[in-house]
Amino acid sequence: MSQKKVELWVGAFVIAAMLSLAILAFSVAGLSLRGEGSSYTLYASFSNVGGLKVRSPVKLGGVVVGRVEEIGLDEKSYMPVVRLAMFENRGFYPETSSLSILTSGLLGEQYIGIQPGFIDEDIGMLADGDRIEDTKSALVLEDLIGQFIYSINKDN
Amino acid sequence: MISAYLRFIGRFTLAFTQTVGRSGLMLWRTLWGRPHGKLLPLTIVQIFQLGILSLPIILTAGLFIGMVLSLQGYNVLVDYAAEESLGSMVALSLLRELGPVVTALLFAGRAGSALTAEIGLMQSTEQLASMEMMAVSPLKRVIAPRFLAGIVTLPILTLFFNVIAIWGGYLIGVSWKGVDGGAYWSVMQGSVEYLPDVFNGIIKSVVFAVMIAWVALYNGYYVVPNAQGISKATTQTVVVSSLLVLAMDFVLTVFMFGS
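Taken in order, these protein sequences are the chains called W and R. Each residue of the first sequence is one higher than the one before, starting from -8 at the first, in the working numbering. Each residue of the second sequence is one higher than the one before, starting from 74 at the first, in the working numbering.
Just chain R, with the same shape it has in the complex (with noise of 0.2 Å):
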C-alpha cells in the first residue's frame, strides 16, 4: 500500500524534473545561436495568427467585462455617495489585475492551444523530422517565430483590452447610470500612475506571455503522436498554462503592490 504511494510520487517528481529539464533545453536551443534566415517574416505571419485573429475575442471580452465592473462597482459605491470614483476604481482594477490575467487566460485559451495543436500535428506528420533531415532547425524555424510572436502579442492585447474596457466602463457609468463625465475622468487620472499601474500591467503581461507561449510550444513539440496524443497535449497546454497565469499574478502583485 505505502510502496504505491512512494512510487507515485517518485514516478511524479521524475517526469516533473524530466519535462523541466527538456522545456529548459528546448527554450535554450530555440532562442541561443544564429537565427534563422527569415526570422523576421515568420514572426510577423504568426503576429498575424496569434495578435489579430485574437483581437475579436479579447475586444468582446474587454468591452463587456468593463461595462459589468462599472455597473456592479457603481452598486456599491453609490451607497457610500462615492459614486464619483467609479473612473477610478474601474481603471485601476483594469490595469492592475483584470486586464493582464483575463487578456492572458484568453489567449492561453484561443491562441495557446492553437499554438499546441497546430505544432503537435507537425510533429505527428513528421513534418518536423523531415525538417531536420533536410539541416532546417525546426526550433529556429517553427518555434521561435512563434515564442517571439506570442511575446510581442500579449502585452499588445493588453493594451486594448484595457483601453475597450476602461471606454466600456465609461458608457455604462456615465451614459447610463448617470455619473459625471468629467469627474469620471479626472478622478481616475487622479489615482492612476503612470509607472506603478499602467508599466507594471505590461510588465505582468510580458511575463504571462512567455509562461503561455512556452508551456503551448513544450506540449506541442513533446506530444505524443496520435490523435489522443494531440488532444491531451492541447488540453494540457489550457490547463497548466491558465494555472502557471493565476499563480504568477499572485507572485507579481506581491512584489509590485505588496508593500
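With the rest of the complex left out, here is chain W (with noise of 0.2 Å):
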C-alpha cells in the first residue's frame, strides 16, 4: 500500500471523525452557536419548588425567556429562594408579573411559567437584582390528595 494513499485515507479518515462530532453536537445534542446572550438576574421565593432543577426553562406562553440560576434557602424566613437569569433579547417585564411553577406535560420536567402583569404609568419595570413578589408554587400531589379526600368526606 503506497504511502500517498494511506495518508489519503487517514485524512479523510480524521476529517470524518470531526464531520461525526459537528453531527453529534448539533443535530443530537443540540448545540446552538448563537448562544443565548447576556441576560439580568431576578429573585422569587416560593413556598415549595417542587422538582424544579437548575438551568430549568422560564417560559412566557411556550416561549423560554430565562433560565433557573440557582435554588437556595432563606435562613431566617425558611422560605426556597430562586435566581433567575432572564435574557436581555427577550425583554423586560413590569413589576405586577407573576411566576407559577408548572409542569411540562403530565410527567414532564417542571418549568417556571412568568405572566406579565398589566402595565400603568406608576408601574416599574423589573431590573437586574430586583425580587418578585407575585408567586404560586408547585403543586403538592400529596395536598391535592388530602384536599380532594376532605372535599368528598364534607358532602358525605
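Hints are computed from structural coordinates only; laboratory data are not their basis. We put the beta carbon where it would ideally sit given N, CA and C, even for glycine. Watch out, some of these pointers could steer you wrong.
Every beta carbon over 12 Å from chain R, so not counted as near; a handful from chain W, in silico [unchecked claim]: (1) Gln(-6); (2) Phe37; (3) Leu43; (4) Glu61; (5) Ala76; (6) Gly82; (7) Glu86; (8) Glu100; (9) Ile110; (10) Asn144.
Dumping the calculated DSS-like pairs for lysine-lysine here, alpha-carbon to alpha-carbon at most 30 Å [said to hold, decoys possible]: (11) W:Lys50 to W:Lys127; (12) W:Lys127 to W:Lys145; (13) W:Lys(-5) to R:Lys111; (14) W:Lys(-4) to R:Lys111; (15) W:Lys67 to W:Lys44; (16) W:Lys127 to W:Lys44.
With the hints as a guide, bring both chains together as one complex.
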C-alpha cells in the first residue's frame, strides 16, 4: 500500500471523524452557536419548588425567556429562593408580573411560567437584582389528594 | 489436598504480579524518552491498519444495532403512548453505553487480535530481537506507533458508530414505524446534553482504547514463541480485553452517571 494512498485514507478518516463530532454536537445534542446572549438576574421565593432543577427554563406562553440559575434556601424565613437569569433580548417585565411552577405534560419536567402583569404609568419594570413578589408554588400531589378526600367527606 | 490449592493461589498471585509489572514496564519504556524519528508516518500507517480496515464491521454493526434498538424501543414505548421519545431513548443508550462498549468489543476482536498476532509473529521469528541488535528499540519503532494509533482510532470509530446507529434508528422509527420525524430529532435534542452524554462517551472510548491496545501489545510482545503460543496469546487478548472493557465500563458509569 503506497504511502500516498495510506495518507489519503487516514486524512479522510480524520475529517469524517470531525464531521461526525459536529453532527453529534449540533443535530443530536442540539448545541446552538448563537448562544443565549446576556442576561439580568431576578429573585423569587416560593413556598415549594417541587421538582424544579437548576437550568430549568423560564417560559412565557411556551417561549423560553430565561433560565433558573440557582435554587437556595433563605435561612431567616425558611423559604426556597430561586435566582433566575432572564435573557435581555427577550425584553423586560413589569413589577406586577407573576411566576408559577408548571409541569410540561403530565409527567414532564417542571419549569417556571412567567405571566406579565398590567402596565400603568406608576408601575416600573423589573431590573437586574429585583425580586418578584407574586409567586405560585408547585402543586404537591399529597396536598391535592388530601383536599380531595376532605371535600368528599364534607359532602357526606 | 489443601497444599495444592494454596500452591495454586500462590502461583496465580505470582504470575499476576509478574504480568502487572512487565506490562507496566513495557508501557513505560514505550512512551517515555525520545520518540522514534519516524513515529508520525508509522502511526499514520497503523491508523490505516487499525481504523480504516475496521470500518466495514463497525459501520455495519452500528447500522444494525441502531435499527434493532429503535425497533424494540418502539414496541415498548408505544404501549405508554410515548413513541415520540424514541429518538431520545436511542440516542442516550448509544451515546452513553452501547456506542463505546460495542465498538470497543468489536475493536478488541478485530484490531486487538490482529495486533497480537502481528507482534507475536515478529517476536517468534526473532525480528524484534534483530532490531535490538541493530540498536533500534523495538518498543519505540514497533509498539509505540500501534499504541498511539489505537488511542486515536477507537474514539473516532465510536463517533462513526454512534452517528450511523442514530441514523439507523431514524430509518426504522420514522420511515417504517411512523414516528414523527421532527419529534424524533427535537425530543432527542431536548434530552441529550453535549458534555454529560457525548463527551463522557468519548472519554469512555479513550479509556477502552488504552486498555485494549495495552493488553494486545503486551500479549504479543511476551508471547511464547511458537505457533501454539501465538494462538493462545491472540485468544487471551480478545478475552481479557473484552472483560476489562466491560468491567471498566461499569466503573466509569458509576463515576459519570452514578449520582
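Tested hints:
1. The claim that Gln(-6) (chain W) is not at the interface with chain R is violated, since a C-beta of that chain comes within 12 Å of its own (minimum 7 Å).
2. Non-interface call for Phe37 (chain W) relative to chain R: holds, since the shortest CB-CB distance, roughly 24 Å, exceeds 12 Å.
3. With 12 Å as the threshold on Cβ separation, the claim that Leu43 (chain W) sits away from chain R holds: the shortest Cβ distance comes to roughly 17 Å.
4. Taking the minimum C-beta to C-beta distance to chain R, about 19 Å, the non-interface status of Glu61 (chain W) holds against the 12 Å cut.
5. A cut-off of 12 Å between C-beta atoms confirms that Ala76 (chain W) is not in contact with chain R; the least separation is 18 Å.
6. No Cβ of chain R comes within 12 Å of the Cβ of Gly82 (chain W); the nearest lies about 24 Å off, and the non-interface call holds.
7. The beta carbon of Glu86 (chain W) is kept farther than 12 Å from every beta carbon of chain R, the shortest such distance being approximately 32 Å.
8. Its closest Cβ contact with chain R, about 9 Å, brings Glu100 (chain W) to no more than 12 Å, contrary to its assignment away from the interface.
9. No Cβ of chain R comes within 12 Å of the Cβ of Ile110 (chain W); the nearest lies about 33 Å off, and the non-interface call holds.
10. No Cβ of chain R approaches the Cβ of Asn144 (chain W) within 12 Å, the least distance being about 34 Å, so the stated non-interface status holds.
11. For the given pair, Lys50 (chain W) sits about 15 Å from Lys127 (chain W) by alpha-carbon distance, which is consistent with the 30 Å threshold.
12. Between Lys127 (chain W) and Lys145 (chain W), the direct Cα distance comes to roughly 26 Å. Compliance with the 30 Å bound is thereby established for this hinted pair.
13. A hinted pair counts as satisfied when its Cα atoms are at most 30 Å apart, and Lys(-5) (chain W) with Lys111 (chain R) qualifies at roughly 16 Å.
14. In summary, the hint linking Lys(-4) (chain W) to Lys111 (chain R) is supported, as the alpha carbons are separated by about 18 Å, within the 30 Å threshold.
15. The hinted pair formed by Lys67 (chain W) and Lys44 (chain W) meets the criterion: a straight-line CA distance of about 23 Å does not exceed 30 Å.
16. Distance hint between Lys127 (chain W) and Lys44 (chain W) is fulfilled; the C-alpha atoms sit about 17 Å from each other, no more than 30 Å.
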